[in-house]
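2 protein chains.
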Amino acid sequence: MLLLALWRRLGRRSSAAGHVRCFSSAQALPSAEDFAARRREDALLGEIDARYPAFMVWGCNTDVGKTLVSTGMAAALLSPGKSQKSHVLYVKPVQTGFPDDSDARSVTQRIDSLVGRSESIFLSNRTMWLSDEASKKAALTKRSTDSSGSWKNSANSVKSSSSLTCETLWSWCAAVSPHLAAQQEGGGASDDELRKVLRSSLWEFGAGASQTGRSWAFVETAGGVASPAPSGTLQCDLYRPLRLPGILVGDGRLGGISTTLAAYESLLLRGYETICIVIQDMGLGNNQHLSKQLHNRVPVFVIPAVPKNPGDDLAGWFHDTSSTFVQVVSLLEDAYHKRIQRLREMPKKASELLWWPFTQHRLVPEENVTVIDSRSGEFFSVYENKHGRFAQQFDACASWWTQGPDASLQHELAKQIAYAAGRYGHVMFPENVHEPGLRCAELLLQGVGRGWAHRVYISDNGSTATEIALKMALRKYAVDHGFLTNQGDKKPDFKVLALRGSYHGDTLGAMEAQAPSPYTGFSQQPWYSGRGVFLDPPTVCCQNRKWQLRVPERYGTIATELAWDAREDVFALGRDNTELAKIYSSAIEKEIMSSQGSLGGQTIAGLIIEPIIHAAGGMELVDPLFQRILTQQCKCHKIPVIFDEVFTGCWRLGAESAWELLGCKPDIACYAKLLTGGTVPLAATLATQDIFQAFEGASKLDALLHGHSYTAHPVGCSAAVTALEWFKDPSKNPNLLPGTSRLQEQWDPELVAEISSRSSVERVISLGTLMALELRSTSSSQKGYSSLLSSGVVKELRQELGIYTRPLGNVVYFMCGPLTKPSVCSSLLRRMLKVLE
Amino acid sequence: MLLLALWRRLGRRSSAAGHVRCFSSAQALPSAEDFAARRREDALLGEIDARYPAFMVWGCNTDVGKTLVSTGMAAALLSPGKSQKSHVLYVKPVQTGFPDDSDARSVTQRIDSLVGRSESIFLSNRTMWLSDEASKKAALTKRSTDSSGSWKNSANSVKSSSSLTCETLWSWCAAVSPHLAAQQEGGGASDDELRKVLRSSLWEFGAGASQTGRSWAFVETAGGVASPAPSGTLQCDLYRPLRLPGILVGDGRLGGISTTLAAYESLLLRGYETICIVIQDMGLGNNQHLSKQLHNRVPVFVIPAVPKNPGDDLAGWFHDTSSTFVQVVSLLEDAYHKRIQRLREMPKKASELLWWPFTQHRLVPEENVTVIDSRSGEFFSVYENKHGRFAQQFDACASWWTQGPDASLQHELAKQIAYAAGRYGHVMFPENVHEPGLRCAELLLQGVGRGWAHRVYISDNGSTATEIALKMALRKYAVDHGFLTNQGDKKPDFKVLALRGSYHGDTLGAMEAQAPSPYTGFSQQPWYSGRGVFLDPPTVCCQNRKWQLRVPERYGTIATELAWDAREDVFALGRDNTELAKIYSSAIEKEIMSSQGSLGGQTIAGLIIEPIIHAAGGMELVDPLFQRILTQQCKCHKIPVIFDEVFTGCWRLGAESAWELLGCKPDIACYAKLLTGGTVPLAATLATQDIFQAFEGASKLDALLHGHSYTAHPVGCSAAVTALEWFKDPSKNPNLLPGTSRLQEQWDPELVAEISSRSSVERVISLGTLMALELRSTSSSQKGYSSLLSSGVVKELRQELGIYTRPLGNVVYFMCGPLTKPSVCSSLLRRMLKVLE
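Top line first, the protein sequences correspond to chains A and B. The numbers in the first sequence follow our numbering, run straight up by one, and end at 837. The numbers in the second sequence follow our numbering, run straight up by one, and end at 1837.
Calculated from the structure, these hints are not laboratory results.
Ranges between beta-carbon positions, derived for each pair:
{"no.": "1", "chain 1": "A", "residue 1": "Ser-291", "chain 2": "B", "residue 2": "Leu-1737", "range": "26 to 34 angstroms"}
{"no.": "2", "chain 1": "A", "residue 1": "Pro-365", "chain 2": "B", "residue 2": "Leu-1737", "range": "41 to 49 angstroms"}
{"no.": "3", "chain 1": "B", "residue 1": "Glu-1725", "chain 2": "A", "residue 2": "Gln-446", "range": "35 to 43 angstroms"}
{"no.": "4", "chain 1": "B", "residue 1": "Ser-1595", "chain 2": "A", "residue 2": "Gly-663", "range": "51 to 59 angstroms"}
{"no.": "5", "chain 1": "A", "residue 1": "Arg-297", "chain 2": "B", "residue 2": "Asp-1565", "range": "41 to 49 angstroms"}
{"no.": "6", "chain 1": "B", "residue 1": "Glu-1352", "chain 2": "A", "residue 2": "Pro-730", "range": "28 to 36 angstroms"}
{"no.": "7", "chain 1": "B", "residue 1": "Ser-1291", "chain 2": "A", "residue 2": "Lys-546", "range": "50 to 58 angstroms"}
{"no.": "8", "chain 1": "A", "residue 1": "Ser-190", "chain 2": "B", "residue 2": "Ser-1291", "range": "16 to 24 angstroms"}
{"no.": "9", "chain 1": "B", "residue 1": "Gly-1081", "chain 2": "A", "residue 2": "Glu-725", "range": "36 to 44 angstroms"}
{"no.": "10", "chain 1": "A", "residue 1": "Thr-485", "chain 2": "B", "residue 2": "Glu-1352", "range": "23 to 31 angstroms"}
Keep in mind the model is a prediction, meaning the values are calculated, not measured. For glycine and all other residues, C-beta sits at the position ideal for the given N, C-alpha and C.
Full structure from sequences and hints, please.
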């Protein structure tokens, strides 16, 4: 081992806990400052170099030979005689038992002896951080493992030489699980830090080496797939945001089929791709059975059993396995190229085959199509062909307002969805009961329905939930006002009272409850007739640090001067006794009375509103006082009240339900979007017992004859149960204000106020998980749904600042989840301020 | 071991492969005939006794101490001094290494020494089947393991005594994985047989022992959770239809956190409940970390490490662990009671809180509510409180026509859904692309859309898919016929041509395309106006073994005589040249021409049909000739043609798409239900490029402004990709006719003909996965949607014959999946014949 003798330790510095080693060399190995900088790097902007193949090396258990497999693959890549040179990065993010055990050293030494003798090769091995214990022991045993980079056959230059770069990121002395070692010896890495440093290693390696030959990276985990990382997080969870494809080292022994498959499934459940499995041959043919179980889609490679003689340098074993590792590497290379090729062709294929909703395809050139490779919590991983990378982007459109999970909840949802699919698939609901369906109903009645609702009607999406709600309301009105018994030949013309700017879905029934708009025109829906009496609502917004009331002219001028310093004042119930309340009240009363006809005439048979926020209508905050009075007055007239909480419900506005903010209760309410935590479609229409009873009768024909095939599908109900419980559990949602059912302020009021004072900003809204701003337009063509004013802002946020936004006309909004940390929100707001400048 | 000396072998017989041991005793141990009968038992009628707790004992790997844990639990239950006696059944379904290894013997011996000395206890240990090798070796070593039941302290009677019954169902000699042992030594059990015999053991034990004290059963698996069974099926898949809750024996060693969690997740992914985890303490604190990862929801018990000294009889170890096992057993008992209590209360809670679709709640008394505990492939597991059991029922309503999977596909779907949820959760679709969405679109265009469709619009359910299709058709018609450019003040009154009896969904737009019916009346949907020109279609059905045409009067009398011997003749394209074709053609032409008005008048702007089968409309087979001519003539008039294949598509009728059976292609088609293989809601509207281009333009406002929050949700798209590929893969779907894209006949034509000849049967339809019959009614009140004529038939099928059906008025149907074996279908048909008698 000539190489070992050449290794030098060049520097060493203490950090708060443990030591950082730094080096200087031709390849500019990272300094302690670099390392510290890596740890501090902006968490929002993670990226993975996609220009070279990088793989995780997982084990189904400890001691199954991960490092030997890594070595075998490195050897196959670095073996002599290749026309093209190879650069291999081997990273061991977490090493315990150091310095006695050092997988990176082991790889370096073996490659040295296997390849170095016959080939010019640049070898380096470095350890970024050691615990004090590990550091002391390394000094004591004089067993350094670091090298600034050593030349074998130094006649060759860097350009023409292959290289192996081995890095250990964090090392502890105790030969135990990393979370115990970190507990015992201190120091250690948070998950964020560990990922940041790993990303940096991969990025720097790619930047330095990619021009001079084939580059490859292997990231070898510690223990089994679900062994804890230093923080205690499972490794399969820790590395998930990077989502590197992997090689799973399985077990060829008795019981090994089970542990290998179980490990494979744990990776699958977290959205990892496993390219192949490698197992040692213990004479049991485990590989054949594994292949069969995996439907031959994941190749299983067999290597001879590793000799157990401690003195064996394994030269013979590596010789025997070399052709297999050549095959493994060839498969990996193939998988890498196929993956990248597919990612590259996806925008074109998408443009050719898909028909996107709400999208004018002519306005979306191929290069503007975003390829989303995965999501982890609030972040997309987006493939950017131009930059050859996977970039992390904050999903600030909350994927059409559905998203709530952080990475932990996403994994929990995946688990519970998997369980429901495994247990039920889907099963018939009417006249039946299953646990997730019943539990979902119970939680909704205890939560958003508490104090008013008695029945839960489950359907598929917001639009169907609304159609069901409308059928309920109209029936109830017909029963209460004698339209069923006393109908005669002529049907009454039932209308709903609704607000201009509200949106309830795109199926015809839901559309009928919306005021005419570009969505409802003849060219979009020739059958739309607008079965509503539509009122113009007063709204509130933040302008120049003040919350201003904006009242339509018809209500007179009295109210136009109103403004508040704090948003809470807008919601104050004390406003019920103001002059404005009287104005609202008489205007509404007039509207109801003038619209109520007799049999055959126009009749207001229901009220439908989106409480507090008109979302699709441009993120307008409707004056809560107005909606409260509207609700109360309809109830007085026995007009059933529907709250469409599809957008506003389930913590979207910082409370479980928006009616809590409004201070009054509906007869019927619709929930969807966040209901399943952002996983699959499911909707619920809640109703009072009075509403339910309007459908009771002797005949089946009296029942509500509406349903969808997957009514109360267990997968969706399980997701809903998981999300509903998680969001309100203080041990899981740090944003819950102790002892209340409200979230803490996620958008820093000072930053929001700052944004509201910018000259380019017309108005700002922030409430719960929503922060929206309207850009100031200078001409009428810049307003409305088809406005393109926001496109520059959106482009900069997406391409430069890692924030995926979608504009609503000239409104740009950020939407986080109920679990998103305020610090992340502040980071988003600061970026917005930057863009506005 | 006094007991061993007392054991007697009473009998032994050869069977085809291996030996069956039989015994006679006071407890009537099973004879060889009994055993053979158990293996033959009707696969449709599986049941699990729910009156006593029964648990699986799983291991996260081999050699983690499952048998010791089983023994510990048995000891806790049988320990001296209990006021109530206990009866414990220990079943080892599969034993290898026999007779040297016999876990059942080990349990018996240890309980004998731990408990038997101080307590009157009845002990028995028996082996049901041995391979020849195992049998020979047992004879050679004189190491019998069988006992007819032995008394300790025989002064006591059966009634007042506790008992331990140990059973090994199948034994092989080689100490290898069961699938290898079965390969080497022959014999062995199919999965069906193994489950049947296990069910019988559990059932007989419950019947015999339950009156005299607490009964408990433990079923100990072999190896790890995913170790192969004799057939090669993984054990976690093999035992899934029973879905007993389980105890997982984890691993306390280094790496054990990972293997334990991975095994737990493999069980979860298959819908099992794990009540607790038990691990040996190896000083690493694995239990604490496991508890944290499992959010403390699954208790983790720690027991001392098992001494490795082979001579140790473990008496000390069992003494040390006894209090822990008392806790374990107490937790299990609690879990059992909570589970049963919940199952019992579910019907009441469901009746109080849920609002079922299409259900008159007053007509569903609590005792009629079906509690579905799980599904496995085509079978529900239903909890029947009256009988204290979980009964297996064939889901013959295919859960509102959504179901396609057998048990293998169900598991694969669960895996792929889990992967998608782990990888994506949900991500934004418009202007973006993700792999499952794109792949789903590609497969649809290569499959149901091949040869005609170019674009895929993804939405949530059949109803939304139809609304989208209608918007597409109406726009296309408006563009083609100049209604957009030349509209003036007055809007044309767009209608669709549709067939009476067809159904397209319950949202208003879909309802408008349906003829008036009880579903569309004022009391159900006051906004319904019926925007269709509705034709009465000719239909075909099997009566008295003949396929008869039924033509509405308006088409004249010529056709009323037509009948065919074989169903294929009905679909023959040669019929296009018949006299009947001319009659249809002129009638249709007249209808179209008379309905086409000018601007402002009534205009047929689209055709929408359910090809071949009107499903919700009473399972009517519409004459394919009629629909073919209708389609062709609309195309001649440039009226866009929509096929609503929500029910008929994706193999429901024995072909991938019903247009293949019809022999003509649409411009737009809708798919849902079977699209995801029966897991979660997802729908696709496919369209030609011509249709797509009607929405292209310079403005966003020209685009199809329709969408749903979870458009193309990755979970649903992944399920669709899995199902679409699986159904057409000959290696996975044995029903595919080689070299064709058709399924073999699943409903035996002879049995169908037989049913059609019964006097109580009006007509029969069988096609693809559907078999339906209409009961003959004697009065008009027995017809239609609210008819109760079928209720007796349905009740008998459900309660006596293990078939879960739902009637459609006086139509009773069986619906299987594209993978269901014809033998299962025949079994269903024979039961139907029995009921009809």
